[in-house]
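So in UniProt numbering, spot 190 of the sequence shown is number 190, and the numbers just go up one at a time.
There could be a bad hint or two in this list.
[Said to hold, decoys possible] The calculated lysine to aspartate or glutamate pairs, modelled on DMTMM-like cross-linking and capped at a C-alpha distance of 20 Å, are:
id, residue 1, residue 2
1, K35, D47
2, K35, D94
3, K35, E119
4, K35, E102
5, K35, E93
6, K35, E19
7, K35, D89
Worth flagging that the hints you see were computed from the coordinates, not collected in a lab.
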Amino acid sequence: MELIAERGYRRTSLAAVAERAGLTQQGLLHHFPTKELLLVGVLETRDRWDLASAAAAAGTRHTDTLAQLVDYNATRPGLVRTYTVLAADSVTEDHPAREFFETRFRVVRTAMAEVLRTECGDTLPGGLTPERAAPLLAAVMDGLQLQWLLDPEAVEMPAAFRDFLALLGCGPGGAGGAAEGPGGEPGEGPGEGSGNGPGEG
Numbered sequence: 001m002e003l004i005a006e007r008g009y010r011r012t013s014l015a016a017v018a019e020r021a022g023l024t025q026q027g028l029l030h031h032f033p034t035k036e037l038l039l040v041g042v043l044e045t046r047d048r049w050d051l052a053s054a055a056a057a058a059g060t061r062h063t064d065t066l067a068q069l070v071d072y073n074a075t076r077p078g079l080v081r082t083y084t085v086l087a088a089d090s091v092t093e094d095h096p097a098r099e100f101f102e103t104r105f106r107v108v109r110t111a112m113a114e115v116l117r118t119e120c121g122d123t124l125p126g127g128l129t130p131e132r133a134a135p136l137l138a139a140v141m142d143g144l145q146l147q148w149l150l151d152p153e154a155v156e157m158p159a160a161f162r163d164f165l166a167l168l169g170c171g172p173g174g175a176g177g178a179a180e181g182p183g184g185e186p187g188e189g190p191g192e193g194s195g196n197g198p199g200e201g
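Hey, can you work out the whole structure from these sequences and the hints?
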């Protein structure tokens, strides 16, 4: 995971991953027959870390935790790039990552609808229901990541995400202040401070 974060999706070879993991390339291929399946494994690991971080932030509003996750994603462009490229590739038929992303987006939409209903109410601005707003929220997270990767100087991803939450009428409680990582201290990300978020990559 660290290697892909450092080098990115395209520049990371299976041989390099095997060496970093202390395995032969054949040993790595036994667990991950293709590079795409290896990357799915990386994204699954990232999601588990992100969920563990969210669970550790007990008492924090879930919309705040989402905003803090966007803050943290801004510090790991390699993983965000890997997620974005693999998500785009997965729309093709029979892509090895397609099932992962189909399942992931279903889970994300359901979870986001629940968060919006709990923290923002049954009816959002414009008459939107949480169920109709959930795919918009997921699309904003992923769309901002793409724009930020292409032009990081022009797109302030964390600020733009908080702006969208405000449009939904459920902006983070900490908006306008110093960005807090899921660990609770300004600038902290998962794994720093208290220990290591769902995430859209």
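Consistency of the hints with the structure:
1. With a C-alpha separation of about 18 Å, the suggested pairing of K35 with D47 holds against the 20 Å cut-off.
2. For the hint linking K35 to D94, the alpha-carbon distance of about 15 Å falls within 20 Å, and the restraint holds.
3. Between K35 and E119, the direct Cα distance comes to roughly 39 Å. Violation of the 20 Å bound is thereby established for this hinted pair.
4. A hinted pair counts as satisfied when its Cα atoms are at most 20 Å apart, and K35 with E102 qualifies at roughly 19 Å.
5. A distance of roughly 17 Å separates the Cα atoms of K35 and E93; the hinted pair therefore holds under the 20 Å criterion.
6. Only pairs whose Cα atoms come within 20 Å are accepted, and K35 paired with E19 is accepted, the gap being roughly 15 Å.
7. A distance of roughly 13 Å separates the Cα atoms of K35 and D89; the hinted pair therefore holds under the 20 Å criterion.
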